[in-house]
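**Student:** Residues per chain are reported as follows:
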Amino acid sequence: MEAPTPHEVEVVHRTLTDHLPILQVIIPLLAAPLCVLLRERALVRGMAIGVAWTCLAISVTLLQHVMEHGVISYAVGGWDAPFGIEYRIDLLNAYILVVVSAIAAVVFPFGRGGEGLALNPARVHLFYAALLLCLCGLLGMAATGDAFNIFVFLEISSLASYSLIALGRGRRALRAAYSYLVMGTIGGTFFLIGIGLLYQTTGTLNIVDLHDRLQPVIGSRTVVVAFAFLVVGLGIKLALFPLHQWLPNAYTHAPAKISAFLAATATKVGFYVLLRVLFTIFGATFVFTTLRLHNLLLPMSLAAMFVGSLAAIAQTDIKRLLAYSSIAQIGYMTLGVSMGNVDGLAGGIVHLFNHAMMKGGLFLVVACVVLRTGSAKIDDMAGLGRKMPLTMAAFVVGGLSLIGVPATVGFVSKWYLVKGALERGWEPVALLILLSSLLAVIYVWRVLEVIYFRERPEGAKEVGEVDATMLIPTWILIGAAVFFGLRAELTSQVALDTARMLLGTGL
Amino acid sequence: MIGYAMLVPAVGALLVGLVGWLTGEDEETGGNDKREAVTIVATLVTFGIVAGKILPAVLDGARPAWTLFEVVPGVPLAFEVEPLGMLFALVASGLWIPTSIYAFGYMRGHHEHNQTRFFVCFAAAIFAALGIAFAANLFTLFLFYEVLTFSTYPLVTHEGSEKAMKAGRVYLGILVFTSVTFLLFAIIWTYQLTGTLDFTDGGILAGKVGSGQATILLALFAFGTGKAALMPFHRWLPNAMVAPTPVSALLHAVAVVKAGVFTVLKVIIYIFGLDFLTVTGAAEWLCWVAAFTLLSSSIIALTKDNLKARLAYSTVSQLSYIVLGAALATTAGALGGGMHIAMHAMGKITLFFCAGSIIVFAHKTEVSQMDGLGRRMPLTMAAFFLGSMSIIGLPPMGGSWSKWYLALGAAEADHVIFVFVLMASSLLSIGYLMPVVGRAFFLPPKPWVDDHGHEHAPQTTRSEGHWTCTVPLCATAVGCILLFFFGTEVRELLLPIFGPTSAMVESIR
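If you're matching them up, the sequences are chains A and B in order. Residues 1 to 507, numbered by the numbering used here, are exactly what the first sequence covers, in order. Residues 508 to 1016, numbered by the numbering used here, are exactly what the second sequence covers, in order.
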């Protein structure tokens, strides 16, 4: 009997495990319409949680596989790249998939059903359908190796998140969702234009293929214009200063649970796509040597860090404060990119994970507060230190992590960013990174003083601690912020390897 | 063993919190016997491990070590006990015992609220101080340095008043600002330059940096260690005096401030290396900054009428003795600095205990109110006298040894001017400490006027205060005398930090 060719072996022996890259995306996609059909609240909620946990299991398996055996390439429908859509899982997106699905797995079970969402109980199933679609879009963006496919998932996740934000209380939520819709659509369109130009030039949409085919024409006007469209489009998506205006309103008026989910995932995936575009499609040499992108990215990142933090200091609403803090933290990530060296880039990548943990946790704390007091005003948090000791302790730890105290994840990010800046010979930048973290001390401490030193006002609503369904998810994220602050070798090794990979061959 | 020594205060903190929470605060007495029992057991066990298990090993020349795991690749969370850290750990854990006993009486006498939080944070602060003492590298040290800052913040703001919150902001602001901007910057830079952060005999920077860079790096380290209270970053310390007196006594005369100067000593001895500093002269300027701080804060202390404020500025001054000793970069100077950690701790904690007793039991805070107080509280004021003698540096008090070696170090470095600076500051300390004793013993008691303008006859009957306060302050006063006679032992403990065969060591022996 003749030995089968390698190609045939692959086809014949495909098992369920080989389909993991696509299952990751398909499961939430199929679960979303099922939610609408099932309608039953408890059932829908259970299914959403189950989907999130399944996705987490899949992504962890994928990350392990990638770390041991290298890149996984999956041809959708059996059509091989570059003609078919390729799902390509390397270290970077395996890592992103874990972050996104882990956040989903923790945040989805938060609270009972529609509790705290001010939602008509009859429509809870629609909420979960949108949430699952959003998850599907985010995972799809991360998993796919096809530029147009990224756009498709970008739109899926964006449309789902507009509707989720619109679920917030009051008319302002609608306005916030609408302005996010406008900005997000502009961003999406820019991204699409960029891809269109690249397709016109190279005739391919596969990311790896794009990289190879771009090399002969890399300096041409079309390619540079495409680059500009892509970067600006993604800049809107990841709320890069000064394209961040949509973010504070969106995070402030969305239901707190949604703010937690989006703050921890949506901008992170946007950042991931930016990395893909910069390093995989165009390549570090073109971006940093030919275009000198760092001349633009560095000042914008620094501005984001300071403007975001200063704005956060001035806020009276805790959600808005955290939102502005997010803008500053995104500045840290892009700052890492602008350094263009391993330590800096690793700092940006590890901060992506770290920020997801701490900001997700902090927004969940806020969700608990809003649920109990019905308000997100900082002044209304007075005296909560005694009333909700466990929740507020979580806020303290999360806040310390935002500041970057050692033994929290915030410190690890700062460590690599400062190291990268020093390696680059940017001593003043290193100093600015440290100084900006002092601004975090101010905005965190303002809140802590209200929580612990002010008495609960006379006649204020009697409040108590939230139940375990909320405390456990909150403390998982906050606990992770401490755990990965101490055992940072786990995350930073992945980040360093990823950074080396991105700066090296491109893939 | 290191693990156990650090675990006990950490677990102690949790247990104190648990017991306090389960039994509830006793609003009547302001105390809680069960919670206090847990505290005292934790103090005794901690000191027992440090003095009974770790100290003999270190005296035998061993350096017990404990590495947990790498936090970021190449930088582990690791501990190693060398003589200097041994001394600091002994001082911090040893003085925790009398301070706890003192705190029981003080907090009850003052009817303080939130006592559970107080004792929890106190134990956490000792945990952090031990972490600093045993740290094997700069990262571990920095971690516990920050833990110490944040765990003492609730103690500083304990009162909860607007004044306490303002003081808390200054406290946190200066300590976090200096440590994050300068110290962390210096640490990462050092790592960038040398690829290691381990405390190594002879230093790690020699050959890696030039003298200019070394000067900048040293400045970042020295000013970054805000807890060492070098001017202009000293203001947090007088502000921290708003805390209950046991906190001022153990933390802001011993654990926190000594953590600062300990960090400076460690950095100079194990990161820069004395020889490297002597060769490059990178620490020359630090001598002058320390000398300036030392003199000017002594002068400020003279102007303060509030006793705790006076003592706080005295502490700022005494801390700079240690920084000066380290910056001289001579064996005798560093040795004097190291010894002064213990000597000043014993003296200053006595003074703060006395000041606290005077506040709680005689209701006096200003020096000018203390006329004739010696008739009412003879033991307390006698202890104050002994503590003052030690701070001034007169025999037969422990403080005389460290000042001796500091002066010797200045002479050895051919900086005779600093010998005069030290002498001048000692004279100034006579000027700000002895009037308290003089007024108490030699002036007749004055009638005092209360807040409503009523005049009261002075109380002359003897009333020393509760025994839980009197016994600790007498014990530490006696400790000042004992340290004089055990000066040699302290010196012998410290000498190995200069390496076993150093010629400079022989010159001291």
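Rather than coming from a laboratory, the hints here were simulated on the basis of the structure. It cannot be assumed that every hint is accurate.
Unchecked claim - Below, in silico cross-link-like pairs of lysine-lysine (DSSO-like), each with a Cα-Cα straight-line distance of 30 Å or less:
| hint | chain 1 | residue 1 | chain 2 | residue 2 |
| --- | --- | --- | --- | --- |
| 1 | B | LYS953 | A | LYS387 |
| 2 | A | LYS377 | B | LYS953 |
| 3 | A | LYS387 | B | LYS673 |
| 4 | B | LYS541 | A | LYS387 |
| 5 | B | LYS541 | A | LYS461 |
| 6 | A | LYS387 | B | LYS871 |
**Student:** Mind listing which of the numbered hints don't hold for this structure, in increasing order?
**Tutor:** 1, 2, 5 and 6
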